[in-house]
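First to last, the protein sequences are chains A and B.
Numbering (my numbering) for the first sequence: 1 to 151.
Numbering (my numbering) for the second sequence: 1 to 174.
Hints should not be assumed to be uniformly reliable.
[Stated by the list, open to error] Partner residues aside, some chain B positions facing chain A, computed with beta carbon under 10 Å:
| hint | residue |
| --- | --- |
| 1 | 68 |
| 2 | 71 |
| 3 | 98 |
| 4 | 127 |
| 5 | 131 |
| 6 | 133 |
| 7 | 136 |
| 8 | 152 |
Worth flagging that the hints you see were computed from the coordinates, not collected in a lab.
Positions of the beta carbon are idealized from the N, C-alpha and C atoms, including for glycine.
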Amino acid sequence: MRSLHRFLSLVALALIGTCVLRARAADFSLPTLTPEELVKALQAPKGPKPLLFQVGSHMLYVQAHIPGSEYLGAGSTEVGIRNLRQRAQRLPKNAAIVLYCGCCPWSHCPNLNPAYDALRQMGFTKVKVLYLANNFGADWVDKGYPLAKGE
Amino acid sequence: MKKSLFLLVVVAALLAWLALRRPSAPRAGGVGELRPAPDFSLTDLAGRKLRLSDYRGQVVLLDFWASWCDPCKREIPHFVEMQNRYGPQGLQVVGISMDDDEKLAREFQEQFKMNYPVAMGSAQLANQYGGILGLPITYLIDRQGRIAAWHVGATEAEVFEAEIRKLLASTPVP
Numbered sequence: 001m002r003s004l005h006r007f008l009s010l011v012a013l014a015l016i017g018t019c020v021l022r023a024r025a026a027d028f029s030l031p032t033l034t035p036e037e038l039v040k041a042l043q044a045p046k047g048p049k050p051l052l053f054q055v056g057s058h059m060l061y062v063q064a065h066i067p068g069s070e071y072l073g074a075g076s077t078e079v080g081i082r083n084l085r086q087r088a089q090r091l092p093k094n095a096a097i098v099l100y101c102g103c104c105p106w107s108h109c110p111n112l113n114p115a116y117d118a119l120r121q122m123g124f125t126k127v128k129v130l131y132l133a134n135n136f137g138a139d140w141v142d143k144g145y146p147l148a149k150g151e
Numbered sequence: 001m002k003k004s005l006f007l008l009v010v011v012a013a014l015l016a017w018l019a020l021r022r023p024s025a026p027r028a029g030g031v032g033e034l035r036p037a038p039d040f041s042l043t044d045l046a047g048r049k050l051r052l053s054d055y056r057g058q059v060v061l062l063d064f065w066a067s068w069c070d071p072c073k074r075e076i077p078h079f080v081e082m083q084n085r086y087g088p089q090g091l092q093v094v095g096i097s098m099d100d101d102e103k104l105a106r107e108f109q110e111q112f113k114m115n116y117p118v119a120m121g122s123a124q125l126a127n128q129y130g131g132i133l134g135l136p137i138t139y140l141i142d143r144q145g146r147i148a149a150w151h152v153g154a155t156e157a158e159v160f161e162a163e164i165r166k167l168l169a170s171t172p173v174p
C-alpha cells in the first residue's frame with residue numbers, strides 16, 4: 001500500500017512538472033491580452049484605442065483580420081521588421097500597441113517574439129500581444145468577434 | 001498527515017493537468033462529412049497543371065502549409081513517406097503553400113524533397129475551403145472526390161495513416 005502511494009505520488013509530481021514546463025513553453029514571457037479583453041477595449045465608448053498591427057502572413061490578413069488593424073509583414077522576416085520599425089518611428093513611445101498573428105498555435109508562432117522585441121528595442125513601453133491559443137480562425141473568427149476582409 | 005499530503009499532491013496534479021490541457025480548437029477537424037471537395041485548377045511549382053478533379057478515383061491528402069510553419073515542418077516528411085508507401089495503392093498527396101513569397105515555398109520544397117505536386121495558394125482558394133486561418137490544415141479526400149476528414153494543427157502520422165488505409169480500401173471509381 002505504501003509503495004502504491006509512493007508510486008502515485010511520483011506520477012503526480014511528474015504530471016505537475018510536465019504541466020509547469022508546458023506552461024512555460026506557451027507563455028513566451030510576453031505581456032498578453034485575451035481576445036475578450038481586446039474586444040472590450042475596442043468597443044469601449046471612451047478612452048484611446050490601441051493600434052493594431054498584424055505581423056503574420058498577408059494571405060491570412062486578406063482572408064480575415066481585425067477591423068482597423070494594419071498589415072506590416074511577418075515578424076519573422078527582415079521585411080516585416082523593417083515595415084514595423086518604419087510604421088512605429090513617428091509614434092510616441094507610450095503609444096498602446098497590440099501585435100497579433102494567429103498563423104499557428106501560440107507556442108509555435110515565429111512572428112510575435114521578433115516583432116515584440118523590435119518595438120521594445122525602440123523604446124515602446126505599452127506593447128501587448130494578442131493571445132490566440134490555436135490560430136486566428138479558431139480563437140477569433142469562430143468566436144464571432146469583429147472581422148474585416150481584403151487588403 | 002502523510003495521507004493528506006499525498007491527497008494534496010494528487011489533487012494538485014489533477015488540477016494542473018485540467019488547467020493546462022491542450023486548448024480546445026473549434027476548427028480541430030472532423031471525420032465523415034462527405035461533402036464534395038471544392039475543385040481548383042492551379043499551376044504547380046514545376047509548371048504543370050494541377051487540377052484536383054483529375055485525381056478522382058484516387059485518395060487525396062490535400063495539405064495547406066507554409067515554410068515558416070513549425071508544425072508543417074514536422075508533418076511534411078511523413079507525407080513524403082506516405083506518398084512513397086501508399087502512392088502505388090492510389091494515394092496522391094497535394095501541397096498548397098500559403099507562403100506570401102513563392103521563393104520560400106520553392107526552397108522548402110527542395111529542402112524537404114517533397115515528392116508530390118505543390119502549388120501556391122490564394123485567399124480565393126482558401127475561402128473555397130472555408131478559410132485557411134491557421135496552419136497546417138489537411139484534408140483527406142476519398143476516391144469519389146468527397147472530403148472524408150480534415151485536421152487542423154499538427155496531427156500524428158498514425159492518425160493520417162489509419163484514415164488513408166481505410167479510404168484506400170474503398171472501391172476505386174470505375
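A quick look at each hint next to the structure:
A distance limit of 10 Å between C-beta atoms decides the matter here; for residue 68 of chain B the minimum to chain A is near 5 Å, and the interface restraint holds. The closest approach between the C-beta of residue 71 of chain B and any C-beta of chain A is roughly 6 Å, which is under the 10 Å cut-off, so the hint is satisfied. Taken as an interface hint, residue 98 of chain B checks out: its beta carbon lies about 5 Å from the nearest beta carbon of chain A, inside 10 Å. About 7 Å separates the beta-carbon of residue 127 of chain B from the nearest beta-carbon of chain A, less than 10 Å, and the hint is met.
Among the interface hints, the one on residue 131 of chain B holds; its C-beta lies about 5 Å from the nearest C-beta in chain A, closer than the 10 Å criterion. For residue 133 of chain B, the suggested interface contact is upheld, since its CB lies about 3 Å from the closest CB of chain A, less than 10 Å. For the restraint placing residue 136 of chain B at the interface with chain A, the shortest Cβ-Cβ distance is roughly 8 Å, inside the 10 Å limit, so the hint holds. A least Cβ separation of about 7 Å between residue 152 of chain B and chain A falls short of the 10 Å threshold, and the interface hint therefore holds.
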